[in-house]
Amino acid sequence: MWPRVALLETRILEGVATHCTGPSQSPEIALFKKFKEFWPKIDVASYQDGPSDETVWEAIEPIRNDTINFVNNQLQKYQPRDDYLELLHLALIFAGEKPASGAKFRRPGALSKARWMMFLIYAFKTWMFRGQFAMTVEQETGLRQLCLFGFSVYIKRWFGASTVPAICPREDLALLHELRGLSKGGHLQAEATAALRKFEGAMWYLSDRLIPLALFDQEVPEREKDLIARAILESQKQPSKKNNRWRRSPTDIGDSTCLADLVTVDSKAFFKIMNLQIDFLSIPARMWTENKFYLEAKNVVDNLSVTNEISERAVAVANEFKNLCKLEENYQNLLLVVYLDRKLHKL
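Quick note, the sequence shown lines up with residues 14 to 360 if you use the working numbering.
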């Protein structure tokens, strides 16, 4: 299955990070480069966490305990990269908690725009040592907002959804609704607007051909699965297309839009492409677990590869040529070419 890292990291996080720190032609942001050079002078025991700042505390207090529990649960799971672990540890420290290993900070590492997660890691570190590392008010505020977005929105989306194919439609639609809600006002209004602009420029992630994945999502209620199944079997709705290529306009999705509303006549193609039987769609969802066609399809979906480790390599290669792309479509085609080439050569 097509990797979601291109949406979560190189689109949404990039948009928010650029909004908060300003555009830069250099692979390294000057502020972070100075912080990296200043690191030997840092007293790592004298950091300032989120609750020490009134604005941050007001913003995170309603979700703090829930996010802390989520992070701790993630720390019980295998994390394929050290920077994943580092980000989780920093999120706990930012929230005023300490990881089991203690409040430890790693020396700042390499920074590249092929790895926007590192910008968030740098933001957490730099902001929490604001008492020792000199910054302008504008810089400090920008980093604070990036940290808030990372803690409040990004971490849950990244770690909770990026490797499970069946929940992608539900998570993507929920993220769109969440960003639209945050963009209407509050502590993250500007950041959510920046993220939303990126998301709405890549609406193909909510492709009608991917909506059927939700049929295998345990968090989607049976009633909603019945609606999706009926829509797949009966829908006469035509997909939005431009130059014979799929397109979905942001205006197609409103505040009350559900997954079944995104089904079109093209949604059946999912089953044809995956070589899956659709017989189970005609019976109630509560009976699917006893249907062999559903169980066979679920096994196929559960084994789809959606790992960030693989996709990040493709994105890193594609980003070397990103400046040659004038349109979003050009960039998505570039990602696809790199992805298919790596798959062909088993890289």
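Hints listed in this document are in silico derivations from the structure and should not be mistaken for laboratory results. No experiment lies behind these values; they were computed from the predicted model shown. Among the hints, a few may not be true.
Said to hold, decoys possible - What follows is a list of derived Cβ distance ranges for each label pair:
| hint | residue 1 | residue 2 | range |
| --- | --- | --- | --- |
| 1 | Pro234 | Phe306 | 52 to 62 Å |
| 2 | Tyr91 | Thr68 | 34 to 44 Å |
| 3 | Arg143 | Asp265 | 34 to 44 Å |
What the hints assert, rightly or not - Derived SDA-like pairs: lysine to any residue, alpha-carbon spacing no greater than 20 Å straight-line:
| hint | residue 1 | residue 2 |
| --- | --- | --- |
| 4 | Lys197 | Asn82 |
| 5 | Lys111 | Asn82 |
| 6 | Lys111 | Thr80 |
| 7 | Lys46 | Pro36 |
The beta-carbon is built from N, C-alpha and C at its ideal position, and this holds for glycine as well.
- prompt: Can you name, in rising order, the numbers of the hints this structure does not satisfy?
  reply: 1 and 4
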